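Chemist: The listed protein sequences derive, respectively, from chains A and B. The first sequence begins at 1 in my numbering and counts up by one. The second sequence begins at 1 in my numbering and counts up by one.
Hints are supplied without guarantee of correctness; some may be wrong.
As the list claims (entries may be wrong) - Part of the chain A face toward chain B, derived, beta carbon under 7 Å:
no., residue
1, 59
2, 61
3, 107
4, 108
5, 115
6, 129
7, 130
8, 134
Derived from the structure by calculation, the hints contain no laboratory data. Treat the numbers as computed from the prediction; the structure is a model and nothing was measured. Note that beta-carbon positions come from the ideal geometry of N, C-alpha and C, so glycine has one too.
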Amino acid sequence: MVCLLLFSPIMKDQAGDYAIFIYVRKPEGVGEALANIIGRAVGQHQLTIFASPAELTASLRTALHNGDIVIVQADQNTLAELLACQEILEISRLILILTEINEETIAMAHRLRPRFLTGLDDEFLKVSAVLGKMLEAAA
Amino acid sequence: MAKILVVDDDRNLTRVLIEQTRRMGHHAMVASTMRDGVENARLGDFDLVLLDVQMPDGNGLDFLPTFKEVASRPEVIIVTGKGDPAGAAKAIKSGAWCYIEKPHVTKDLNLHMARALQYRAEKNRAARGPVVLKREMIIGSSIKINHCLDQLAQAAMSDVSVLITGETGTGKELFARAIHANSRRSAKNFVVVDCASLPETLIESTLFGHEKGAFTGADRAMTGLVKQADGGTLFLDEVGELPIQTQKAFLRVLQEHSYRPVGGCDELTSDFRLVAATNRDLEKQVSVSAFRKDLLFRLKASVIHLPPLKKRLEDLRSLTGYFVSRLCERYGQEKKEFGVDFVATLSAYDWPGNVRELAQTLEHAFSAAFHSPTLYANHLPDHIRILQAQTAVQQSKTSLQACQIPSDALSLPAWRQFRDSYEKEYLQRLLAQTKGNVSAASRVADLSRTHLYQLLAKHDLQG
Ligand SMILES: Nc1ncnc2c1ncn2[C@@H]1O[C@H](COP(=O)(O)OP(=O)(O)OP(=O)(O)O)[C@@H](O)[C@H]1O
Ligand SMILES: [Mg+2]
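Kindly generate the complete structure, drawing on both the sequences and the hints.
Modeler: Here's what the structure looks like:
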């Protein structure tokens with residue numbers, strides 16, 4: 001299960017909202033719920049849904065800018081995929097939501113240097129709060 | 001800063017010596033008997049001893065070998081009231097650095113001291129052997145950055161807490177990671193605590209974890225970051241933002257190496273190495289009670305201060321080359337060249353956002369020059385090019401005036417000073433006109449909000 005959201009101040013539209021890219025892989029509902037809840041916390045947003053990890057990384061390579069905020073919901077396989085293309089994410093500020101929690105996934109997660117690491121929770125309250133504070137500082 | 005021990009019973013002279021060493025940036029301590037002197041030398045780790053000959057409880061020349069043999073193996077300079085050739089010969093044979101007579105001491109000491117300390121620093125470096133430092137993408141070879149890399153190497157070898165200070169975007173996080181990567185803990189986790197983006201309500205549970213039931217949600221299984229850093233490094237980023245309540249709890253962890261999760265009663269332990277970073281003046285925060293003095297004392301066991309980019313412009317070319325080649329790789333492009341004016345224009349700007357702002361600026365320039373094999377100054381944003389143009393005009397104006405009316409040219413302030421005062425005046429008027437609304441101000445000024453915030457911070461203004 002993968003869900004990735006990207007907040008890009010550079011892609012900001014005239015109204016001052018952040019563009020959000022989202023990548024969802026099974027079950028689609030979860031990613032959308034996350035996007036909606038977070039979208040509500042930060043205002044309007046633009047959604048881009050990618051169909052495959054390859055499409056996503058290709059797009060991130062050029063869509064990601066220094067200081068962008070990226071939110072990824074990830075299991076162990078996704079972490080491995082992200083570590084394989086770590087240099088793409090390096091310039092971003094990463095929020096990681098782990099769907100599998102054990103010593104190994106936590107160690108893998110820290111290699112991606114997240115600014116915030118948390119577990120999956122139904123309402124994404126923590127993620128919304130942290131994201132809100134990050135966006136406030138970047139405003 | 002070196003540590004110096006002054007062994008002398010002449011109060012007036014010791015006062016002068018203390019003042020003189022302090023002015024050279026060193027820390028000095030006095031012992032007024034031989035016995036105290038030897039004891040202090042054994043306990044403290046002194047780099048240099050200034051040793052008198054005639055002391056109430058002994059002769060300095062007799063004790064010289066004792067001082068030379070204490071653990072820190074200090075250099076010793078003999079300071080004598082009555083010089084005699086035999087004494088001087090004995091001193092040098094017993095390993096003294098040099099022999100100075102008191103009437104000349106204030107005049108000669110600085111030079112001898114500087115040479116002795118330089119010799120000692122080189123000897124220590126050689127003894128450590130060449131340190132192979134993993135630079136972890138830290139670019140630059142200026143004297144300033146090399147000095148910081150030396151400090152990094154030193155810090156990586158031990159387990160002491162390190163405080164990294166410096167303006168925004170100077171590379172504090174990069175250095176923190178490099179300390180970890182070069183330390184014996186590198187195989188374990190490097191855990192980032194972003195104190196600036198953690199809301200107060202979450203900070204303690206994020207750091208210390210929480211007992212089941214203290215919070216709802218399925219992330220209950222998550223341990224705190226302090227535990228995740230066990231065996232590794234805990235990086236407290238923007239430590240100045242840590243709420244005062246949490247500072248207290250954290251201090252306890254540092255002192256006792258144990259802590260309690262939120263809502264729990266069992267004590268847990270974690271063996272982590274602490275690295276903290278801040279762009280704030282923590283001493284100032286201590287003075288207004290916004291930061292705990294005892295915590296600051298613990299954090300700054302070792303301090304690395306990263307210089308702003310404008311103070312190490314020698315590194316601009318290599319940094320620019322590095323960032324542009326990474327962009328080329330990222331976008332699958334051929335290597336790009338720089339026009340002659342490109343780096344010159346970058347050098348005229350003062351980079352309030354430091355290396356991060358440089359990276360962002362180059363990203364803009366790169367997209368502006370996407371199809372061009374060469375980056376020219378006109379690919380750079382206006383605010384940077386305008387400054388270069390103004391600097392050039394100002395320079396030719398100044399040199400013109402200097403030819404005609406030299407006295408007038410001398411009364412001109414330095415360019416930076418002149419520009420800063422106008423910049424500040426502009427910002428004040430801008431804020432007044434927009435009633436302090438930063439969004440409106442950034443529109444009027446046609447500056448990004450980030451850039452505007454940086455300018456406001458630079459001049460201590462608030463939007
Ligand atoms: N010496 C350097 N060589 C290469 N890149 C650097 C250097 N210094 C900083 N950078 C880059 O600049 C950006 C900012 O660096 P970093 O995040 O470490 O700064 P910081 O001091 O922590 O800033 P802030 O106070 O805003 O958090 C990063 O992308 C980093 O990789
Ligand atoms: Mg930082």
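Chemist: Hint by hint, note whether the structure agrees.
Modeler: Taking the hints in turn, this is what the structure says about them:
Checking residue 59 of chain A against chain B: minimum C-beta separation of about 12 Å lies over 7 Å; hint violated. Annotation: residue 61 of chain A was flagged as interfacial toward chain B, and the flag holds, the nearest CB pair being 6 Å apart, inside 7 Å. Proximity of residue 107 of chain A to chain B holds as hinted, the smallest CB-CB distance being about 6 Å (cut-off 7 Å). The closest approach between the C-beta of residue 108 of chain A and any C-beta of chain B is roughly 10 Å, which is over the 7 Å cut-off, so the hint fails.
With a least beta-carbon distance of about 4 Å to chain B, the hint placing residue 115 of chain A at the interface is held under the 7 Å criterion. Hint on residue 129 of chain A holds. Least Cβ distance to chain B is approximately 5 Å, under the 7 Å limit. Taken as an interface hint, residue 130 of chain A checks out: its beta carbon lies about 5 Å from the nearest beta carbon of chain B, inside 7 Å. At about 5 Å, the closest approach between the beta carbon of residue 134 of chain A and any beta carbon in chain B falls short of 7 Å, and the interface hint on this residue holds.
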